[in-house]
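Protein chains in written order, with our numbering: chain A, 1 to 244; chain B, 1 to 244; chain C, 1 to 244; chain D, 1 to 267; chain E, 1 to 267; chain F, 1 to 267.
Be aware that one or more of the hints could be misleading.
[What the hints assert, rightly or not] Partial chain A-side listing against chain E, Cβ under 8 angstroms, derived:
1. G46
2. A52
3. Q65
4. N77
5. A80
6. F81
7. R86
8. E125
9. D128
10. A129
[Claimed, not checked] Chain B side only, calculated, beta carbon under 8 angstroms to chain E, not exhaustive:
11. V101
12. V195
13. H203
By construction, these hints were calculated from the structure, which means they are not laboratory data. Each residue gets a CB set at the ideal place from its N, CA and C atoms; glycine is no exception.
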Amino acid sequence: MKSDIELINSEGKRLDGRGPEDLRKIKIEAGVLHRADGSCYLEWGGNKVLVAVYGPREALPRHTQNPLRAIVQARYNMAAFSVEDRKRPGPDRRSVEISKVISEALEKVILVEQFPRATVNVNIEVLDAEAGTRCAGLTAAGVALVDAGIPLRDIPVACAAGKIGGKVVLDLGKEEDNFGDADLPIAIAPRTGEVLLLQMDGHFTFDEFNHAFDLAVKGCHTVSELQKEAIITKYQTVAEEVQE
Amino acid sequence: MKSDIELINSEGKRLDGRGPEDLRKIKIEAGVLHRADGSCYLEWGGNKVLVAVYGPREALPRHTQNPLRAIVQARYNMAAFSVEDRKRPGPDRRSVEISKVISEALEKVILVEQFPRATVNVNIEVLDAEAGTRCAGLTAAGVALVDAGIPLRDIPVACAAGKIGGKVVLDLGKEEDNFGDADLPIAIAPRTGEVLLLQMDGHFTFDEFNHAFDLAVKGCHTVSELQKEAIITKYQTVAEEVQE
Amino acid sequence: MKSDIELINSEGKRLDGRGPEDLRKIKIEAGVLHRADGSCYLEWGGNKVLVAVYGPREALPRHTQNPLRAIVQARYNMAAFSVEDRKRPGPDRRSVEISKVISEALEKVILVEQFPRATVNVNIEVLDAEAGTRCAGLTAAGVALVDAGIPLRDIPVACAAGKIGGKVVLDLGKEEDNFGDADLPIAIAPRTGEVLLLQMDGHFTFDEFNHAFDLAVKGCHTVSELQKEAIITKYQTVAEEVQE
Amino acid sequence: MTVVPSIKRDYITKLASEGKRIDGRSFNQYRPIEIKTKVVNKAEGSARVKIGKTQVLVGIKMSLGEPFADSPNMGVLSTAAELIPLASPDFEAGPPREDAIELARVVDRGVRESEVVDVEKLVITPGEKVWIVFIDIHILDYDGNLFDAASLGALAALSTTVVPAKRFEAELPEGYPKEDYPLPMAEPPISCTTVKINDYVLFDPCFDEEIIADARLTVATDNHGDIRAMQKGLSGSFTQEEIQKVIKGALDNGQEIRKQLNHSTGK
Amino acid sequence: MTVVPSIKRDYITKLASEGKRIDGRSFNQYRPIEIKTKVVNKAEGSARVKIGKTQVLVGIKMSLGEPFADSPNMGVLSTAAELIPLASPDFEAGPPREDAIELARVVDRGVRESEVVDVEKLVITPGEKVWIVFIDIHILDYDGNLFDAASLGALAALSTTVVPAKRFEAELPEGYPKEDYPLPMAEPPISCTTVKINDYVLFDPCFDEEIIADARLTVATDNHGDIRAMQKGLSGSFTQEEIQKVIKGALDNGQEIRKQLNHSTGK
Amino acid sequence: MTVVPSIKRDYITKLASEGKRIDGRSFNQYRPIEIKTKVVNKAEGSARVKIGKTQVLVGIKMSLGEPFADSPNMGVLSTAAELIPLASPDFEAGPPREDAIELARVVDRGVRESEVVDVEKLVITPGEKVWIVFIDIHILDYDGNLFDAASLGALAALSTTVVPAKRFEAELPEGYPKEDYPLPMAEPPISCTTVKINDYVLFDPCFDEEIIADARLTVATDNHGDIRAMQKGLSGSFTQEEIQKVIKGALDNGQEIRKQLNHSTGK
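Bound conformation, chain A alone (with noise of 0.2 angstroms):
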């Protein structure tokens, strides 16, 4: 859908004020429930996501189980009151993708084959929706896995780039993301590099795509800097309530 706004200026200036490469504000907060064995709450721009983790735990019902190697399943569900109008509970097509996506990504990192017959559950909730919902879902699941304790590879993490007013942008506000060119949301395995999650729908030259992807992956490895800072304030709590 194109529109006469003008998403990104001369100057590259964005709507909200952002600058081609810049992020949208995140805030990652680890260990917030209680019955969960793992948790995280990430607020990423105008996007507010829950994520608890249970398991690893015996798969059931037993004929889900696989006899060599945890499965993982991601749930991500959009709360009815987080969108304009209301959306009506339980998943739609839209949301069964993005669990599988999701699930699938997150299978890649963690050490599955440690876990025979067994079952990691991943419930990500998202409060508030605003463009890129779902790599703050699975960013925030990193950060919850790793609060569970599940052995993890790498703490997956994800961000998107895109395409405004023909230009390449990092991070689609809601704006740039109803009216702009191209989206490529990805997931990575910071340390290796390797791509865990990818889609991209729009219009990308070769060049425009490879600029986007390379934009995309720095994305990720600034937002996986705050990953790991959201885990060390969690044990350093934890650490001084030991203490006291």
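For this one, chain A is given, so just place chains B, C, D, E and F on it according to the hints.
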């Protein structure tokens, strides 16, 4: 919802001519079905309900079994034609809730410890609905359980009291339910007076509540006598048939 | 539904030029799919159906198994685009009933006693629908069962007769089905003449019924020859391929 | 599960070879039929039918709605059957299964194709507003032959249905009657069901006969002796001679049942 | 499954016989309550309520729609609860089960019957267009007493709800205010829940108390000391004396909680 | 279940280490593609696509309806895929599962985001009445690479779709054409799929390659050499170099397939 209808006049006379402490007309018949292990047909004012009990029998699927006692599964269902505007067949949220509170109430009086891994199924079909179907259904279920020979601590019985036009009365009728001030359906074990089911909507002062509660208990005891008569009538008929 | 259309004229000529005892054009091809154990593509007038047979294989979940014989599960399904107004995907009440009567008809000719605990799955997809899809589907299923090498008592075959403009005719077309007086689809085991499937709607005198029944049986025998030709053609092709 | 039916089967076929049935009936004979109409109040029409110990309650509700796009000049009939767990330990709660669906569809065709309800008289504004007639079949007690009990229940309930014009007064156009009136009905065809066990054909099967039956055949006939609907079921087969025998038996039994139906509905 | 609760049960009842609870509270005492409103942006109103470690988020969405046929002069309230697997290892994805349905219906009645939302003020054109208020309850962390947490969350979220008249400007008739305004609310009744374990009645049960409880009783009371709703649950029973004791405790706790609610919603 | 794939995996990777595939193709090579349009009559457009032994039938139906509230000036596209049990012993009847949903959504985005169908030309009365285009994907025979077969089938079916204006004559406003006309289409992007097995990247995977694959990547490219859609699947990962290699291979294969598509649809 308020209305201009005078539900009770200054002499304490109600729309259908009853006094404040009068029950609607009740008719109970035990053992009316052939396939069921126990059954009961009950008319209560304009309500008509039919109850069939099956069990105790093995609970299936197996994961529903409780190794220490029987589970009790009441299923309250309204026939599509039991109300003014046709009801879609199948359970709705209201019938799920009523099924739950009736199941819980019956579980207290059935000697569930005697039948580990078993289920007792209580099917309550509302054929005509006119205010007070949950009390009618639970009362009929009590008779059907006896008819099925299920060991009971006591025969459960239900009755409601309420408030109309500011006055506390027994057993609300249709208009009284729609335009009254409060409704208090209860079920008790009549020998001990233990409260098995209790719900309340509307507006009672503390004193009104106590008055209504006492009235409902009194109503339960009256209905309890009708239950026993129905059971005796059934056994007499069976005995006569055997003698012939 | 009556109509002003003259479905058959005084010379016995029908809307599409056929005489009273003429079949529509039928084309049958066996062995058209790679994954299925047996398959058949069939055109019958404007109808196009594709059938795939899988089995005998273990019936799952286990509680569906019959310890003494195979179960037969036919699934009749209309493609969303097979009718004028798009049909919602998935089974409706009509397709559930047709699946049931076809399953029952096929069960009679399959040597189910040879395969205890097994299932034979017969998937019937209607790609284009134009009156008589259940007969077309069952006829194609017969060929696909042979192609799958399932042991049969006989190759089941179906055909309908009906009444239009007061006259008994063979194999109703679309307008004839919509505006005719009666329809009588049957399936038989051609060697014995046993009736495997029989449904009838409309209005027949006793004599008309007998006439229509005889005509439908005759139609079945004609179609049976086409089934055999298709099977022979398939084996010849395979034999030639092997020799090459 | 498989031993008991097999013993029952031996017993029932042995009896049949002597021309007898487990409850003493002849092959063509029905169990006693009881029809009671107006058994519930909220329904526009209702009937409880007993055939032996089988018991069915049918309720009719009517409302206003749009006709189907391909039949703007006809009211809508909608038939649903529920095999509720009340009626048999084998029936389960949940959405209707193929047995309940076949039952509802056979009853539905019996009503629809026989034109017993004059659906053209159910039109209020062509293409826009028509009466919808909901036929809800409740099985209360299951001892075989649901097809006939349900059909008969539907016909008896329809025959005593009163169109609730008064209740829908506000939604009816000017000139349309605002007083309740009986649903316009034609002479109904009567449905008779048989099962085949080995080579014996038995009318009005009871539960024990039904569960061991090889094949089932239902024939609906009208008061002119014509055939209005047929449905074969189960995995056994019929010969042409057997089918003709069933039709003749259905004509005979149908006449008797029609009398009883008309009597009970005051016609 | 059965051994651990049985040990817990022994421990909890032993403590109770000494007048104690596992977390040191008295029988009538609530855990600390925390109410935070306006916690999400897209919702018309929202609140996060913590009772001890139990945590519930309630969001309110509004839209325009038709009133129910039997109440043309009232807006529509619709309450849904999801026991999402986020909150407990025992909650499963899928359609709401009976526990979630009972929870939603009790909260719904608490809001509806107490007339805390003035539904008559939600009418735009009688019989045609009204505001629909969706109350969506998300359980985030489950440590017992969901009934009170969910009710309180719903009330706090409703109390801070702003009617989005501006967003629906195009669909509103002339003369109707086009600026957002606060949802009209009356003084809310407060819901207080107890469980009975043996003969001990404990307010605000935590998870460990809840899973071994015999019976549950919820009482909603208003600021005049009147009773506005009650719901008994589980298979145990209450005596009349116990019920009266629960009502009195609910009145006392209700006053305190009401103060906190009003404070947190700025009233 | 686990032994056979493991043996197949060893065999396929051994071959791959020698630059070979089980059916003799090179890594970048497609199996023979066959496209046949207008294969069914009732559909507004249809195509059967074979890629090797994989066989997909796509049918297009059109009807009139309301546009989405947030896009009043656009027609509606709706894509559904069914993995019907006809096509594979592993497919089950029932509502679509996550595999079928991902397939349908990827095909849908391929059509929607590439703007190959000019949805603005499907508007009849803005905000009120538009054409709805239903794309129904039927998998007939499954031997791998459903993504490409389904996309290609959808494009071929759309390319031969005729807008049924005549059939909907009565519902179309004055001035709107009443004669059927071809669905307005732009140059379509072509979808090419690879799988990664160990470090080998193979285009157009067959069934045996697909079930042992670590990761999957689909890239849709247009006739200008631009990228129009991408979707990574499965739990393996790709490096940046591999992604670029896949894009290049997709551009090459896409050109060839586009020629064949245009040829078969007469363009």
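Each hint tested on the structure:
no.: 1; hint: G46; result: 6 angstroms, holds
no.: 2; hint: A52; result: 4 angstroms, holds
no.: 3; hint: Q65; result: 17 angstroms, violated
no.: 4; hint: N77; result: 7 angstroms, holds
no.: 5; hint: A80; result: 4 angstroms, holds
no.: 6; hint: F81; result: 3 angstroms, holds
no.: 7; hint: R86; result: 4 angstroms, holds
no.: 8; hint: E125; result: 5 angstroms, holds
no.: 9; hint: D128; result: 5 angstroms, holds
no.: 10; hint: A129; result: 7 angstroms, holds
no.: 11; hint: V101; result: 7 angstroms, holds
no.: 12; hint: V195; result: 5 angstroms, holds
no.: 13; hint: H203; result: 6 angstroms, holds
Hint check: a violation occurs at hint 3 only; the rest are consistent with the structure.
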